[in-house]
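S.K.: Each chain, letter by letter, is given below.
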Amino acid sequence: MSDDNVEIKDGMKIRKLTELRTNTAKAYEEAMLSRVEEFKVKNKNESQFNDVIQNTIVQAFSSLLDIKLQVDKVLGEENLKKVHKVINEILLTGL
Amino acid sequence: MYHLDNEEYVKEPYYRKTTSVCPECLQPIGAEIFEEDEQIWMRKNCEDHGDFRDLISSSAKYYKWTHYAIKDKNGNVVWKFDKDGETNPPDFQGDDPRGCPYNCGLCEQHISTCSLALIDLTNRCNFNCNFCYANILQSGYLVEPTLEEIDRVMKHFRSKPIPAVAIMFTGGEPTVRKDFPEICKMAKDNGFKEVIVATNGYGFQRKKGGLEFTKKCKEMGLDTLYFQFDGINDATYEKTRGIKKLMSYKQRVIDNLRKARLDSTVLVATIAKGVTDIEVGNIIQYAIDNIDVVRGITFQPVSLCGRIAFEEREELRITNADVLKEIEKQTGGKIAMENAWYPLSTIVEFGRVIAYLADVEPIEFTCHPDCGFASYMVVDPDSGEMMPIMEYFEPLKVIDFANRFWAKIKDKEKKPLKLFEGLLGDFGKTLDQGLNYLDKTQLKARFLLGILQYMKKPGKLMELFSRLLMRGDWESISSFSYGALLLSSMHFQDAYNMDLERAKRCIVHFGVAMPDGSVKEVSFCTMNSIHRPEIEKQVAKQITAKVRAEFDTSTGQEAIEVQPEVARNGGIKKDGEE
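Protein sequences, first through last, are from chains A and B.
Counting the first sequence from 1 gives a position; our numbering is that position plus 77.
Counting the second sequence from 1 gives a position; our numbering is that position plus 8.
None of these hints come from the bench; they were simulated from the model.
Just so it is clear, CB atoms sit at the ideal spot from N, CA and C, and this is done for glycine as well.
Label pairs and their in silico Cβ distance ranges:
id, chain 1, residue 1, chain 2, residue 2, range
1, A, L169, B, G107, 39 to 45 Å
2, A, I144, B, G340, 33 to 39 Å
3, A, V151, B, K247, 53 to 59 Å
4, B, K79, A, L169, 17 to 23 Å
5, B, G392, A, D149, 23 to 29 Å
6, A, I144, B, K420, 29 to 35 Å
7, A, L169, B, M522, 45 to 51 Å
8, A, K162, B, K426, 33 to 39 Å
9, B, K420, A, S111, 35 to 41 Å
Mimicking DSSO-like on lysine-lysine, the simulated pairs with C-alpha atoms at most 27 Å apart in a straight line are:
id, chain 1, residue 1, chain 2, residue 2
10, B, K223, A, K119
11, A, K90, B, K253
12, B, K247, A, K93
13, B, K81, B, K69
14, B, K88, B, K416
15, A, K90, B, K252
16, B, K342, B, K72
17, B, K88, B, K405
18, A, K159, B, K79
19, B, K281, A, K86
20, B, K468, B, K405
If you want the footprint, here are the derived chain B segments under chain A, 3+ residues with CB under 8 Å:
id, region
21, 231-243
22, 292-299
23, 334-346
24, 409-416
25, 462-471
26, 474-483
Extracted from the complex, chain A is given alone in its bound form:
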């Protein structure tokens, strides 16, 4: 946070939050990723991050999400509502 965004009012430091950005965004992102690495090492075979099936599912899910977002744009809001309704019916059927 630069000093430009700090106002002194009655002797108190007041930050003007024009954006919610961390000073250490990059380091933070790396830390978030290294957290995964840490679990991989610490929990060894017990860790889901070392589970091939789990990782494949997550990867597939991620690809599916990318496709879904593209399709959402094409469908438009009204059609999307209808699609959601049908998908929900399918997903909740037989439970």
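Given the coordinates of chain A, assemble chain B onto it according to the supplied hints.
M.R.: Showing chain B alone in chain A's frame:
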């Protein structure tokens, strides 16, 4: 307004009846919650002490949204924020004709289970805040359970059909106890998944030994600090705690936590009007700047204890809605009241689905909608800026899907498939286990696909989220929450605004080891507003020379750099001292 499918609802004046207590004699009395000038108020009358009136919410519109109910074609309520919890059997058959809250123990009127167990480890403290409800200097006696008593309380909470998952040590200042790290280990040994300490930072900030203490606590099982943090200005602490230059003390705690990699801290800010409300933006930015250590912020609108005239209360009273408005204002609208915040009870069904699919103990947030609000901030990988997680989802649609999903599968939890056990014995049992595993796997896939429909952004965060949905174990929770900041606003009740509908749904319970060998379980707000003096009288101990010696700054505990007259001897003055 957002999320409402019936806008007319917010135009209707709000009104309901409830039960409260008289702030003077603490006897239960009827109360009305009503709307006036776009605010929500409580009014009540005690035959002996007259009329009372108090502000419940400064935003009638927001309040009404949190009490909104979705109805079916026949007018039956099918969903509301107010959730019935799964309950444990009552511990106590109270015979007080006044009923709740005088039969606490817990009695059969309580309709939520305990999600967070609390144990007061001591009423000693190195600070002497004048508003504190648990302070040896004000009470004149010691309340400090033995290790055996603490173990008894832990076993009480863990032995229930629905055991408490998390435990928080409170006080006083829990870290003044030399055996504090051993108590953390005891909690883990008793099966608590999350061990938390509510602290002003005393043990962790010490220049000599603070880092070693922090490492030791982590090693022994401490997971999270619930860290008193009123702002970033020394002047604020001088007003709230009566102590000069406290910010460097607070910063030392964060520095030691970082060095020890004890990386789960929740900043806890008591919000008083005109005192700390101007700090909310500062606190949020401080948390973001220390995101590798800080996991959340809890804003707590101040509870008003003691006898306070209406005019003075009106000046001091601040509600959850005021805090949310202030956060919106001080973050330039980036954390907006109308789309970033939800009552804690919103995610009850969602949490139950996750817990069932992941085979973990559920945490039930079935508290009353007035108790607290939460928002979850995450870093947008594209902009590097933090934003509410609602930006990634269509929140109410996700919640609606989770509710419908839970309604369909909830019986499976109680009745797992048993097709072959009766026919084929042990082999059949194994077959049934396999079938149940397959069943759960297909349920996970269905649920994940259901949620996927309402996701709005791709990226690594969503990958971690998918792991959370599939596994829901502590590894997935930790890896997901490492990149996020949980904001919440929790308004604890006092005798002026006590609503017993809230008390009955409380999910935060104190456990006290009583002299007769039993454990008394009492909900948070009724403990602090009503029961504390009576219970403490029963468990109080004399302040002995041994206690004085243990916490004597001249024999082992180094002096700390805060105002000496409140910091010495853990709040116990030596003989002859003023």
